[in-house]
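Asker: Single-letter residue listing:
There are 4 protein chains.
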Amino acid sequence: MAEGFSHATELSVRFAETDAQGIAHNASYLVWYEVARVDYLARYAGGYKLIRERGIEALTTETHVRYLGAVYFDDRLRINVRVSDLRGARFRFDYLIERVNDDHAEPVADGWTLHATVDRATLRPTRLPDWLREAIERAESA
Amino acid sequence: MAEGFSHATELSVRFAETDAQGIAHNASYLVWYEVARVDYLARYAGGYKLIRERGIEALTTETHVRYLGAVYFDDRLRINVRVSDLRGARFRFDYLIERVNDDHAEPVADGWTLHATVDRATLRPTRLPDWLREAIERAESA
Amino acid sequence: MAEGFSHATELSVRFAETDAQGIAHNASYLVWYEVARVDYLARYAGGYKLIRERGIEALTTETHVRYLGAVYFDDRLRINVRVSDLRGARFRFDYLIERVNDDHAEPVADGWTLHATVDRATLRPTRLPDWLREAIERAESA
Amino acid sequence: MAEGFSHATELSVRFAETDAQGIAHNASYLVWYEVARVDYLARYAGGYKLIRERGIEALTTETHVRYLGAVYFDDRLRINVRVSDLRGARFRFDYLIERVNDDHAEPVADGWTLHATVDRATLRPTRLPDWLREAIERAESA
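Line order of the protein sequences matches chains A, B, C and D.
Under the numbering used here, the first sequence has 27 at position 27, and the numbering climbs by one with no breaks.
Under the numbering used here, the second sequence has 124 at position 124, and the numbering climbs by one with no breaks.
Under the numbering used here, the third sequence has 57 at position 57, and the numbering climbs by one with no breaks.
Under the numbering used here, the fourth sequence has 124 at position 124, and the numbering climbs by one with no breaks.
Some hints could be false.
To be verified - Here are the computed lysine to aspartate or glutamate pairs in the EDC-like style, where the Cα-Cα straight-line distance is at most 20 Å:
no., chain 1, residue 1, chain 2, residue 2
1, B, K49, C, D119
2, A, K49, D, D102
3, A, K49, D, D75
4, C, K49, C, E134
5, C, K49, B, D75
6, C, K49, C, D103
7, B, K49, B, D102
8, C, K49, B, D74
9, B, K49, C, D75
10, C, K49, C, D119
It is worth saying that the hints were derived from the structure and are not from the lab.
Values in this document were obtained by computation on a predicted structure and should not be read as measured data.
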């Protein structure tokens with residue numbers, strides 16, 4: 001895991017995620033972000049399914065990706081992730097994507113996403129519930 | 001529109017739909033099938049939204065694609081479609097995908113999909129309602 | 001077309017672009033950006049294919065999306081686009097996505113992407129060729 | 001691994017792979033097939049990259065999926081795969097997709113894909129090279 005991050009998920013670039021430039025398509029990175037977020041929540045906060053079952057939906061309100069170098073089919077990637085801000089109904093994830101080989105890791109992209117929690121029934125903004133905020137704060141202070 | 005078909009939808013191959021072989025990815029064709037189905041239902045049966053609002057969900061139970069030739073970024077495609085079978089809770093769409101140019105159309109794929117209608121609340125199989133069956137039969141006998 | 005933009009492309013949200021939240025998935029917006037860019041280049045600069053044939057590849061180096069409201073299956077969207085910066089080997093597109101109905105347009109997302117031109121053979125950064133820069137400048141000053 | 005299959009790959013359903021019906025989209029299954037094929041070739045035949053480096057491209061010429069039951073976000077799936085036919089320039093993969101839980105596996109889809117090998121330079125059909133055919137035959141007779 002990269003320094004300053006609290007969780008990392010590994011995956012291999014799928015052939016379907018490449019495009020005719022011969023590299024991974026720029027939209028694939030948002031899917032990888034999501035895979036890492038889901039994994040983070042599963043590890044620290046009981047999982048995205050639990051959050052939804054408790055009546056909360058987390059919407060994505062902003063996404064940002066900086067592509068630092070081309071990524072190819074079958075590359076092994078490590079998606080480093082942390083929650084860097086958490087207040088009221090909003091929280092932010094930061095990401096660093098690295099290509100990993102036997103002995104080293106090379107940054108290939110970074111960025112962040114913003115999210116807002118809403119009540120599933122009314123779709124109105126709702127504060128992150130205490131149990132979820134506390135679970136994330138524990139993860140980030142570890 | 002190709003002979004024997006009752007509806008056709010045109011679209012251009014998106015860059016995101018290609019892969020590192022330089023051609024459209026094999027899964028993209030199922031999305032194009034769907035675009036043509038949605039368009040067919042909008043034209044003849046009040047639209048997919050109306051069907052769902054009336055408490056019916058149409059599940060996809062089988063898909064088949066035969067790839068006849070490579071398809072490239074920005075190719076202009078015509079997705080020909082017809083309903084070829086319709087009984088009880090099941091119906092079948094047939095497809096012929098052509099690449100169209102100024103003066104001719106060249107087949108690049110064909111296939112079919114099977115669907116089953118279920119009650120949205122119970123998810124139990126439910127007969128295609130008469131108004132929908134009749135709308136489709138009118139379209140196909142025109 | 002929204003004020004301040006030089007081109008707009010319309011499309012309908014595909015069912016495949018939605019997710020289990022019942023809304024369009026956040027990665028779909030990057031694909032719509034791309035559809036609008038391709039359309040812009042086709043109209044003003046001879047098309048993306050021509051650019052590639054002339055030995056230039058345009059890489060995406062940064063993407064940003066701000067999601068202003070949920071977008072649903074079959075929503076009609078207008079992707080407004082303009083080139084807002086153009087220097088050396090780098091250029092920037094700005095976007096405004098609106099949901100359009102009979103009589104009005106409602107903003108649902110905005111953002112921007114950065115791109116760099118490279119020589120296709122060497123993959124080294126290469127200045128935007130004059131013919132392409134001039135075509136874009138003409139489009140933007142119209 | 002299911003009886004009669006020579007390889008299996010596990011994955012979890014991504015949120016991006018679901019649609020507004022609340023289940024995995026029908027096109028996602030073709031991507032999972034591909035993930036399993038790539039994994040099969042990596043294990044038994046030196047990998048898809050090696051095959052391409054040796055001047056061979058494998059095209060997908062036919063795909064078939066039978067959806068046996070709904071698949072949901074985060075479901076754990078096992079994609080069982082085998083090569084069931086192999087002659088000249090053509091080969092066929094069979095698939096069985098199971099949802100796996102602690103103590104049992106439930107079939108959720110099955111199907112097959114056909115492929116043809118071509119020379120990367122000329123794109124003409126070319127017999128599967130002996131080393132690749134023998135590697136696959138060893139895998140399947142094990």
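Asker: Each of the hints needs a verdict: does it hold here or not?
Answerer: Now the hints, each set against the structure:
no.	hint	result
1	B:K49 x C:D119	47 Å, violated
2	A:K49 x D:D102	18 Å, holds
3	A:K49 x D:D75	11 Å, holds
4	C:K49 x C:E134	18 Å, holds
5	C:K49 x B:D75	11 Å, holds
6	C:K49 x C:D103	36 Å, violated
7	B:K49 x B:D102	34 Å, violated
8	C:K49 x B:D74	8 Å, holds
9	B:K49 x C:D75	11 Å, holds
10	C:K49 x C:D119	14 Å, holds
When held up to the earlier numbered hints, the structure conflicts with 1, 6, 7 and fits the remainder.
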